[in-house]
Amino acid sequence: MQDMIIEQAKGNYAIWIVAGLLMLTGCLVTVVVWLLHVLSDEDKTSKWRARMYKELFRFTGKREQEKKYISNDIRGRLNLARRAMHFGESVLPKAVDLEWVEGAEPTAYDIKEGQFVVRLDPSESQHKNIATLAKLLVQKTTLQGMRSWLDGGLQCAIDMTLLRKIIEQLKNREIFDWFISNEYQPAMQSNPSTELKGKQIRTIDERGLFIHMLLVELDEFGKNTYGVDPNDEMGKEILQLLQFVYALATKRPGQDVPLEMRETYFRIGVIWVAKTEKILKSGLEPYLDAMDYNIQRGAETVYVLIFDKDWLGQRYPLALEKFNKRIGDLQQQFLTKTMAQEHFAVNFEFTDVLGMRMRATCIRYKFD
Amino acid sequence: MKETFQAIHSSELDGFFSRLGLLENFKAGKLNCAACGETITRDNFRIVTKRRGVILFACAKDACLSTFFNK
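Protein sequences, first through last, are from chains A and B. What the first sequence shows, in my numbering, is residues 213 to 580, in sequence order. What the second sequence shows, in my numbering, is residues 2 to 72, in sequence order.
Relax, there's no trap hidden among the hints.
These stretches of chain A come out as covered by chain B in the derived footprint (C-beta under 8 Å, 3 or more residues): (1) 272-285; (2) 296-308; (3) 322-331; (4) 334-347; (5) 350-363; (6) 366-376.
The following residues of chain B were derived to be distant from chain A, with all beta-carbon distances above 12 Å: (7) E25; (8) N26; (9) K31; (10) G38; (11) E39.
It is worth saying that the hints were derived from the structure and are not from the lab. Where is the CB? At the ideal position from N, CA and C, for every residue including glycine.
Bound conformation, chain A alone:
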C-alpha cells in the first residue's frame, strides 16, 4: 500500500515537472517572439534604448548617455505617433532622425548646405524637446512648396492642428499640457484671423476631414502648382476650399450644403452617403448618377463619404446587412460603370455635430 502511494506521488511529481517545463518553454517562446517583434521595429527599439539610456544617465550623469536618451526618445515617440496617424498619403510630416553635433570637439565644423542644426535642452526639459522637434518637423516637411504664400493665419492654424494631433498620439499628459499652454494656445490666439481659422480647422479635424480631405487637397495643389508664381486667385481659392470643407464638417442632418467646388484650381465633388433609406429604396443609381454628374461638370476629384450605421444593426440587422452590401456594390460599380479611379479609401472615427462618436469611410476618386 505504502509503495503504491509512493509510486503515485512519483507519477504526479513527473506530471508537474513536465507541465512546469512546458509552461517555461511557452514563456520563453513568448518572450523571444516579443523581442523579435520589438527588435524588428526601429522606432520601438528606439523607445527601449531611450529607457535604458535614461536609467544609465540617472546613475552615471554622463552627457553622452543623456544625449542618447534624448535622441532615441524623440525618434521613437514621434515616429510611432506619426505612424498611428498615417494612411499612406504624403500629407503628414516625414519620419524624423536625429544626429548629435559634438560641441566639445576641437576641430572646425561646417554646416552643410540645407542642413539644419537644432538646439535641444537638457533631459529634464525633454517634453519641450519633443514638442520643439515635432513643430520643426511639421514646419519643414508638410505642404512643401506652397507654405511661403499660404495666408499666415491659415498656415499657423494648419501647423498647430497637425502638431496637436501628433502630440495627442504621444499619449503623454506632461508633453500635451506643456504644448497646449506654451505652443498651441499662444500661437492660435496670436491674432483674430489665426484664431478664427484655428477654430474652423479644429472643427474640420473633429469631423475627420482635416487630414483626409483638406490637407490632401492642399498638398496636391502645392504639387500641381510647383514653380508657378503665386497669384491672388490661388490665395482666394485656398480660403474658399477651407470654407467648403468647413461647411461639410458642420453639416447637420437634413441640412443642405454645397457638395461641389468648381473653381480654377480646385474642382472637387462630394457624394454624401448618409441616408439609409435612400440607398436601400432607390438603389445605387442616384449615386452613380452623382458620380457621372461630377465627371461631366469637370470635377478632378470626388470624395465619397459614407457614415457608419451601427445603430441600424441594433434594431434592424437585416437592413444593416443590406446597407453594407449596397456600399460594397457601389464601390465596385464606381470603378466599373464610371471613369472614376480610386485613389485611397480610409476608415476613421470622428465626433459628429451632436457630439456623438461615429465611424465613417472616406474614399477619394480621381479622374486622370
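For this one, chain A is given, so just place chain B on it according to the hints.
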C-alpha cells in the same frame, strides 16, 4: 524617407559656435535671427542652417521658425 536634423545640446553652445568660428560674434551679440532680426542669445537660439553659402540663425519664436523654413 526620414528627415534628419542635427542637434546641439544647449550646454555645448560655446563649443559649437567656436567650431563654427562664430563664438566671438555670438558673445558680442552680433548674430541675428534671419526672420525677426533679434539678437541671437544663449536663451533664444533655436536653429541654424546654411543657404547659398550663408549661415542663417533663427530664434525660438514660432513665427520666426515658420518664416525660416518658408524662405
